[in-house]
Every structure is written in C-alpha cells, then in structure tokens.
Amino acid sequence: MKHETYNMKQKTIQKIILEFEPEMENLLPALKKISAVFGYVGEKEANALADYFGVPESKVFETASFYDEIKTEKQPEILIQVCSSANCAVNDSFSIIKEIENSFKIKVQEISCLGRCADGPIMVVNGKIYEKVTKSSVHGILEEYL
Amino acid sequence: MKKIKIITEHWGKIDPLKIEDYLEVGGYKALEEFILGMDRAGALGEIKKSGLCGRGGAGFPTGEKFEIVASQIGKKYFICNLDESEPGTYKDRMICDKNPHLLLEGIIISALIVGADKAYIYINGNYQKQKEILEVALLQAKKKKFWGNKILESDYSLKIEIYSGAGAYICGEETALINSIEGNRGEPKLRPPYPTGCGLFGRPTAINNAETISNIPWIILNGGEKYSKIGSKNSPGTKLFLLNGAVEKPGIYEAPTGITVRKLIDEYAGGIKKGKEFWFAQIGGACGKLLLEKELKAKMEFGKACQCPLGSGSILVIDKSVNIYDLLISWTDFFRRESCGKCVPCREGTFRLWEIAKRFKDGKISERDKEAIQDILWTLERTTFCPLGKFAGTAFRDAITKNILTF
Chain Z
5 MKHETYNMKQ KTIQKIILEF EPEMENLLPA LKKISAVFGY VGEKEANALA DYFGVPESKV
65 FETASFYDEI KTEKQPEILI QVCSSANCAV NDSFSIIKEI ENSFKIKVQE ISCLGRCADG
125 PIMVVNGKIY EKVTKSSVHG ILEEYL
Chain Y
4 MKKIKIITEH WGKIDPLKIE DYLEVGGYKA LEEFILGMDR AGALGEIKKS GLCGRGGAGF
64 PTGEKFEIVA SQIGKKYFIC NLDESEPGTY KDRMICDKNP HLLLEGIIIS ALIVGADKAY
124 IYINGNYQKQ KEILEVALLQ AKKKKFWGNK ILESDYSLKI EIYSGAGAYI CGEETALINS
184 IEGNRGEPKL RPPYPTGCGL FGRPTAINNA ETISNIPWII LNGGEKYSKI GSKNSPGTKL
244 FLLNGAVEKP GIYEAPTGIT VRKLIDEYAG GIKKGKEFWF AQIGGACGKL LLEKELKAKM
304 EFGKACQCPL GSGSILVIDK SVNIYDLLIS WTDFFRRESC GKCVPCREGT FRLWEIAKRF
364 KDGKISERDK EAIQDILWTL ERTTFCPLGK FAGTAFRDAI TKNILTF
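Residue numbers (the numbering used here), protein chains in the order written: chain Z, 5 to 150; chain Y, 4 to 410.
Keep in mind that the hints were calculated from the coordinates and are not lab data.
Check the hints yourself; a few may be wrong.
Said to hold, decoys possible - Capping the alpha-carbon separation at 30 Å, the derived lysine-lysine pairs in BS3-like fashion look like this: (1) Z:Lys136 - Y:Lys266; (2) Z:Lys63 - Y:Lys393; (3) Y:Lys132 - Z:Lys19; (4) Z:Lys63 - Y:Lys277; (5) Y:Lys367 - Z:Lys139; (6) Z:Lys37 - Y:Lys132; (7) Z:Lys139 - Y:Lys279; (8) Z:Lys37 - Y:Lys162; (9) Y:Lys277 - Z:Lys139; (10) Z:Lys75 - Y:Lys279; (11) Y:Lys266 - Z:Lys63; (12) Y:Lys266 - Y:Lys300; (13) Y:Lys192 - Z:Lys63; (14) Y:Lys134 - Z:Lys75; (15) Y:Lys134 - Z:Lys19; (16) Z:Lys75 - Y:Lys21.
Put together the whole structure using the sequences plus the hints.
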C-alpha cells in the first residue's frame, strides 16, 4: 500500500514537471506549482526537478528557499498570516495579531504588503485572503478552520 | 483648469475585460500610429523629448534607457516591472484592474522601439486576479494582431509572456528581477554592467515600471513636447499618488508632478479625517522620508534636486493616535524579512534595528542601544550592496532627527 502511494506521488511529480520546458526560466514556475500542489518542496520533488533541469539538487533548494511563496518544509495545518506593513499597522494589525495569538494559541506569521492597503488590515488563512478584519471579526473567520 | 489625466482617463468607464471598450475610446491608436506613421528613431525622439522618467522610484530618464538598448544589435528583451510590493503602493495593480490594455499597448510600443522580440511582464506573485485579467487582455490583443507575428501586417513581431514572481520584495530591483527569471535566488547583482548592456540571459534588456510604460501611448499620440509641459520641469508628466491613513477620502489619484503634499491631501484626498490630528506623513512606502506639518509644501518630483524623493508615490498620513513604536516595528520588521541576506550590513543591520525597535516598544531601551542606532543607520546608508539596505533606515532616522521619536 505504502509503495503504491509512493508511485502515485512520483507520477504526479513527473506530470507536473513535464508541463514545463526544461529551461532555467521555468525553474521558478515549476517550483511554485509543486509547492502549491504538495504544500512544500521536499527532497523527492527537488531531486526530480534537478534531474529534469539538469542542475544539482542544491541549486534547486538554493532557489526554492529564497522565495516566500515556495515552502521547503511541511507547513502547519492552519497557517494564519497578518500583514504588518505600515498601512495595516496604523489600522491596528498588531492588536489583531495579539488577539489571535491570545485567543487561539496559534502563532501568527507576519507578512509584507499584498497591495490591498485600501482594504486593510489583511489576514490570510491557508492562502485565502480576508480584508478589513477586526479584532472581533477574526473570531468568526477562524472558527471555520478550527 | 481641467485636471489632466493620462493613465486614469478611462478608469471606471470601460470594462477591463473587453478590448472593444478600449478600442472605442481610441485604444491601440498609438500602436497604429507608431507602425504606420513613424519609425523607431522618430518614436524614440518623442519619448526623449517628453522627459518621461521612471515611475518605479528611481526616476531614470526613460528615453535614455530606451536609446541605450535600441542602439545595440542582436537579441534584446523588454521587461515590464509589475512586481509592485512597496508597502502602501498598489498603483500598478489598479492599472491592471481598470485598464490593462493601456499597459499592454505601452509594452508593445516600448518593446518595438528598443527592438526587443520578446517581452516579459514580471508580475507580483500575489496579484493572481490581475494576472488573469492580463491573460485575457493578451489573448484579445493577439486576436486583433496587436502582438505576435507580423503586428498589423507589418514586419514587426513580438512575443509577450507573463512571468509570475514568488513573493520577494527585492525582486522589484532590476538585477534581482533578472536573477529571478533566470531561475536563481532573487539577489541583486553588481552594477555595472547595467541590464541595458548585459541583462536577461546576458542580453541587452530594458526594464521599466508598469506606470512608466502606461504613459507611452499618450506620448506617441500627443507628442513629446506636449507631455513635457505637464507638471514639473525636471520630471514632467502626471503621477499616480496613493493617499492612505488619516485622510477623508483614501485612494488613488492622478496629479501632475511638482504638486505639493499639502495640496494632494487637501484637494484630492479631502483633507485630514475629522477628529484626527495630523502628526506626520510618510512619502514613498516603507523606505520613504517622513514629513512634518511645516514640510508639507515639499513638491513631489523626481531628480537629484528634489526636496523629497517621491518614491513609488504613496503617501501615508499618520495622525497622533498612532502608536509610533508599532510603526517602528512595522518598518524594521519589513526590512528584516525582505532583506535578501546577500550583504552583511543589510542582513545584520535590519535585524538589529528590528531588535532595538522591539526594545523601544517594551520600554527597555538602553544607552548602548541609543549609540548603536547611529552606528547601524550610518552603516546601512553607506555600505549596503543595493538600494534596499540604503533606504531601510530612512524612516527610522527621520523619526529621530525630526523628534517624532523621543528618548
């Protein structure tokens, strides 16, 4: 059974990789896609990418580890991110972070501007973006996930 | 006087997903004009005459950049820099949302002027919806033969590709952006060689901000001379300004360059929000200078002689109810996160500043910290590899010298 799932995964990786031409300008898009599908780029995925693009595995990780959108480690089941850039900060995003961490005992990841400053503060939960969140509205939003 | 609008002219009046709407208001007329009635040198001359300069923050003359790339032979690239991630800035996002074809027309004309046969649109990875809008626009424009093989039955050909970034502030820096497309870490490279000589895949590359490019169709249609008479002498034209924070009507406004900050706040954004007391304004995002009330007469323009660099055009109005320590942490934490780690002064400097900012908030600031602040700021300003580090401490320094932060 374990062997079967391993093969399945291997096939999916190959299928994704084959969507891209083996040129260096496609390395970043391929990494992004793999990170989005599997949640992160693990050693198996990096190995397959390295083979396909004809570069060392270290090069794949070198690029992957630089970008925020590409994860190289398994992510927590619930990832809560709150923007703490100046525009959201003056709209109280720090007290929202405190509120979440105190009420739900989950560490919040602070992120940089998403360019939605007119609708701030911005919260992102597992990739879904919430605008104009307040200290009270976060409770309703997060209860759906917990 | 009627307010001159170049980029926002048709915003809200046309459907961004319909090329017909844009054609009806005279869209792609500039491209036709360029192909049927002009040559490359003529168009380049108009852009040089217009005095248009880069809207991404540095304000480099666009005509000059085009000329350097155009004068070289062989394969060349054109890149539209849409990796907008300066806090408080969303002008390029709005351009995509409201009138993507204007941007596209500008990209096509610019790429043809410099003689590139491939253009990339490097878009911020978070701008998923904007990417989709641009994809639709690209498809529609291709059907009308505005790009692809033999544009409008002429000898010009151009390929356009959207390249999505992966969430890194530093990739807005041109050499870092090139590294990112080449599949490397998005770290800046030493300049020179400049991208205009040795850019993407070692070929001459023109990289321009999306807002700069959106001005090109107007210049081609109306002539460079007319453009050069708008706004300030040193950096003519209009600029998109983003007013946020404690103002009555926050939002995006197009105004001629050379306008004062006070005028922008009072006449465009409806003044300070009722019940709030003005404290200071931050110009140009997280790396921007702080202006006190008496300094609001500063003119917003580019160039070495300007009173206050306008950066990306964002203006954040801070009122007295804001906790300055929160802001300090916001600024320093932003640069700590986004520093690429290539050079030590920036990697360490931004980290230490953030630590000190946290101690400020906790009221645990020591004499040693106070001395260290000066050293760190000095080092950041003078020794970092790229502009990110150079400006990482600007707001912090202004907060101290202008007595916003007292200790």
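Outcome of the hint check:
Taking the CA atoms of Z:Lys136 and Y:Lys266, the gap is about 28 Å. The hint holds against a cut of 30 Å. Taking the CA atoms of Z:Lys63 and Y:Lys393, the gap is near 29 Å; set against the 30 Å cutoff, the hint holds. Using a Cα cut-off of 30 Å, the hinted pair Y:Lys132 and Z:Lys19 holds, with the two alpha carbons roughly 26 Å apart. Taking the CA atoms of Z:Lys63 and Y:Lys277, the gap is about 55 Å. The hint is violated against a cut of 30 Å.
Restraint check: the Cα-Cα separation between Y:Lys367 and Z:Lys139 comes to about 27 Å, which is no more than 30 Å; the hinted pair holds. This hinted pair checks out: Z:Lys37 and Y:Lys132 have alpha carbons roughly 17 Å apart, not beyond 30 Å. As the CA atoms of Z:Lys139 and Y:Lys279 are separated by approximately 21 Å, the hinted pair is consistent with the 30 Å bound. A threshold of 30 Å between alpha carbons decides the hint, and for Z:Lys37 with Y:Lys162 the separation of about 23 Å falls inside it, so the pair holds.
Taking the CA atoms of Y:Lys277 and Z:Lys139, the gap is near 23 Å; set against the 30 Å cutoff, the hint holds. A distance of roughly 42 Å separates the Cα atoms of Z:Lys75 and Y:Lys279; the hinted pair therefore is violated under the 30 Å criterion. Annotation: proposed proximity of Y:Lys266 to Z:Lys63 is violated, straight-line Cα distance about 51 Å (limit 30 Å). A threshold of 30 Å between alpha carbons decides the hint, and for Y:Lys266 with Y:Lys300 the separation of about 8 Å falls inside it, so the pair holds.
Of the supplied pair hints, the one linking Y:Lys192 and Z:Lys63 holds, its CA atoms being roughly 18 Å apart against a limit of 30 Å. The suggested pairing of Y:Lys134 with Z:Lys75 holds, with an alpha-carbon distance near 22 Å, which does not exceed 30 Å. Restraint check for Y:Lys134 and Z:Lys19: the C-alpha separation of about 24 Å stays at or below 30 Å, so the hint holds. Under the criterion of a C-alpha separation no larger than 30 Å, the hint pairing Z:Lys75 with Y:Lys21 is inconsistent with the structure, at around 37 Å.
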